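Chain A is fixed; fit chain B onto it per the hints.
Protein chains: 2
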Amino acid sequence: MMQANHNYSRISDSYLFSTIAQKIDTYTQLNPDKEIIRLGIGDVTQPLVPGIIQALHQAVDEQASTDTFRGYGPEGGYDFLREAIAQHDYQEVGLSMDSSEVFVSDGAKSDIANLQELFALDSIIAMGDPIYPVYIDSNVLTGRLGEWNEELGQWSELVYLESHAENHFRPALPTEKVDVIYLCYPNNPTGMTLTKDELQQWVDFALENESLILFDAAYEAYIQEDGIPHSIYECEGAERCAIEVRSFSKKAGFTGLRLGYSVVPKALTFQNMNLNQMWHRRQSTKFNGAPYIIQRAGWACYQEPARTQIEENISYYMENARMIKEGLKEVGATVYGGDNAPYIWLKTPVGVSSWEFFDQLLEKVQVVGTPGVGFGPSGEGYFRLTAFNTRDNTEKAVERLQKYYSE
Amino acid sequence: MMQANHNYSRISDSYLFSTIAQKIDTYTQLNPDKEIIRLGIGDVTQPLVPGIIQALHQAVDEQASTDTFRGYGPEGGYDFLREAIAQHDYQEVGLSMDSSEVFVSDGAKSDIANLQELFALDSIIAMGDPIYPVYIDSNVLTGRLGEWNEELGQWSELVYLESHAENHFRPALPTEKVDVIYLCYPNNPTGMTLTKDELQQWVDFALENESLILFDAAYEAYIQEDGIPHSIYECEGAERCAIEVRSFSKKAGFTGLRLGYSVVPKALTFQNMNLNQMWHRRQSTKFNGAPYIIQRAGWACYQEPARTQIEENISYYMENARMIKEGLKEVGATVYGGDNAPYIWLKTPVGVSSWEFFDQLLEKVQVVGTPGVGFGPSGEGYFRLTAFNTRDNTEKAVERLQKYYSE
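Protein chains in written order, with UniProt numbering: chain A, 1 to 407; chain B, 1 to 407.
What the hints contain is simulated information worked out from the structure, not anything from laboratory work.
Each statement offered as a hint is correct.
Cβ-Cβ distance ranges computed for the label pairs, FRET-style:
id : chain 1 : residue 1 : chain 2 : residue 2 : range
1  : B       : Glu-92    : A       : Pro-349   : 52 to 62 Å
2  : B       : Thr-68    : A       : Leu-30    : 27 to 37 Å
3  : B       : Ala-21    : A       : Thr-269   : 24 to 34 Å
4  : B       : Thr-175   : A       : Asp-122   : 32 to 42 Å
5  : A       : Glu-304   : B       : Lys-364   : 50 to 60 Å
6  : A       : Ala-165   : B       : Glu-92    : 54 to 64 Å
7  : A       : Gly-143   : B       : Tyr-316   : 46 to 56 Å
8  : A       : Arg-307   : B       : Arg-170   : 51 to 61 Å
9  : B       : Thr-26    : A       : Thr-269   : 26 to 36 Å
Residues on chain B that point at chain A, a partial pick, calculated with CB under 10 Å:
id : residue
10 : Ala-4
11 : Val-60
12 : Asp-122
Please read these numbers as outputs of a predicted model, since none were measured by experiment.
Here a beta-carbon is modelled for each residue, glycine too, at the ideal position from N, C-alpha and C.
Here chain A stands alone, though its shape is the one from the complex:
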């Protein structure tokens, strides 16, 4: 008799963003005349840049002719893209990553969820808190993290690395034994960063304890200030303890094209098991590569004119971030992030929970954000706003938020 995977019954039915979508639906049905501005889900709004569009058209034409048609590609990605990534994202900044350590995928979400297949089922996991819910949910569905404690809003066996204003969003090193550590910098959802020295402490801890770090660098392209690491491999010894995941989604507006990559260094070996070989085996067995035409678009990101056009889009979003942050400061709100990331992390007014704040903003000024507690217990009392809307909508949203605060 077939037994279903009972880990699915351990987890609530709806994913954070589905819950938000439902709340918006309900509100819209009751208030069809109200125009909502969404600074919730971190989706881009600017279309693909001309250099990418051109590369896509060209790749489509290649698929129309027998001589240039491409069927199954290498599961880890075409060499032209793996080499472009290794060269431009690593070698050009003095890091020695090689193309066989780069694995192209259909996005950072899939990679973050699938990389857990590389470690043992009973691994002790530590995660930055608050954090992107996929890290937690994907582990629960596999049978990790213990039991859900509704009162604490915590999983019993997950080690939460608390980040909040009190510790300046720099979580303390774990005091217990942990096998795997999930870190994300620039951080989603707080928009905060670590310095290279601060990140080095995590690398040193992992090396000393033989832990693995899964480093999510999906927002690396938004770093504006010097001294903030773009890659964990800038830290000494990281190639012996860390996997890095990156995305084209936020960097180049590929949320609808689906492209990302993971770097799994050849030096990453635990008890004679080499993670580079294991990930190659995993991807070869369970994945068939990203589409050729999408990989060509990824390749074009590193060439002119797309390269400059992409930088202009990032500047556009970062100006939105600045406007939101300054606008909220003007009315006395406490805000974090937004300087090296497209996220603003807002402290909710005293006594107002994250979800209460969500409801109030929706009801009073029709602005949608994401409740901080949706990202974990340390997010309670915070709220995430994204810089990914258009300039016009961002301006309007700032006015509305200021109105909320002045009432």
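Just chain B now, kept in the frame of chain A:
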């Protein structure tokens, strides 16, 4: 201390098709002047049809403009595609599948490998044998199927549903308890099919034993004869015991575009756990949908002119299949399949193993196929040839194969 997933050490390093690729590489280096014809990997050779190319260009242009740009899409696929699939592949042939039972993905390989997350870790699995290696390897990497027995070429806890000439490629129903049954018809690698009555026996067995059937219908579009089910849902009660996986890869040449889908009926419930809801949760958590432009191409497959153009390509490949089968029969070889599938399943000469035959064909006539034993123990003594090459190469390959047999 990080512990790697030790299931990775239970499985041989190289995937079947990688081993073949290495053998070809070695041969080519030693014989750079010899031209090899590949009837091995089941990859298409005809370019995408004009109707698909047009749809791709149009979708790319939509991504260039703010008004029509699409970022994150629904994880289970856009409604326009889910509805086209439900309508054309099911409702039009009298099956009541609804679009919310259709989940669009980046290909049948990913789905077949990922669907196992829906059932318990200690499930007893039965699989058609020979079979597409991904079914086995993906389960082993998760910790199922017991130990590998080198002598028998079998996994100790996998129930092999033997298919060979002696039982007319119709495996017997299991005599032991099984929880999950993997079936593939038209079959890869044998190219053989079941009648509707034969398939109904499997559905009846599954219903009686509360087993789940994973039905791989990736080659459905190649069925030429009447009376052969295109979908398992043609069988009475299948919506209560079966998931069906289909692909655009072989049907429409999407091996490089990456698009497939799984049908998970709402009626599919085991011990109060609903598999439709579970799969929705799985895909929402660990996947971000197929690219918008690729889904538009999938949609175009159901519209003219692409629909007719795709049928013409299938006829082209099926004529190749006929030529290979007839050509081999002429020289007295024993051949199966090829009538309703793009695969010809060839009995190797007496006393010649699958891999020996591979080596002989490569050495003597430079034709590459796939050793049957690579698909499982019942494949020993057989050899798979595909109809996916060009007409010219297929003609040349037939001549060379005939030469091999006449020497």
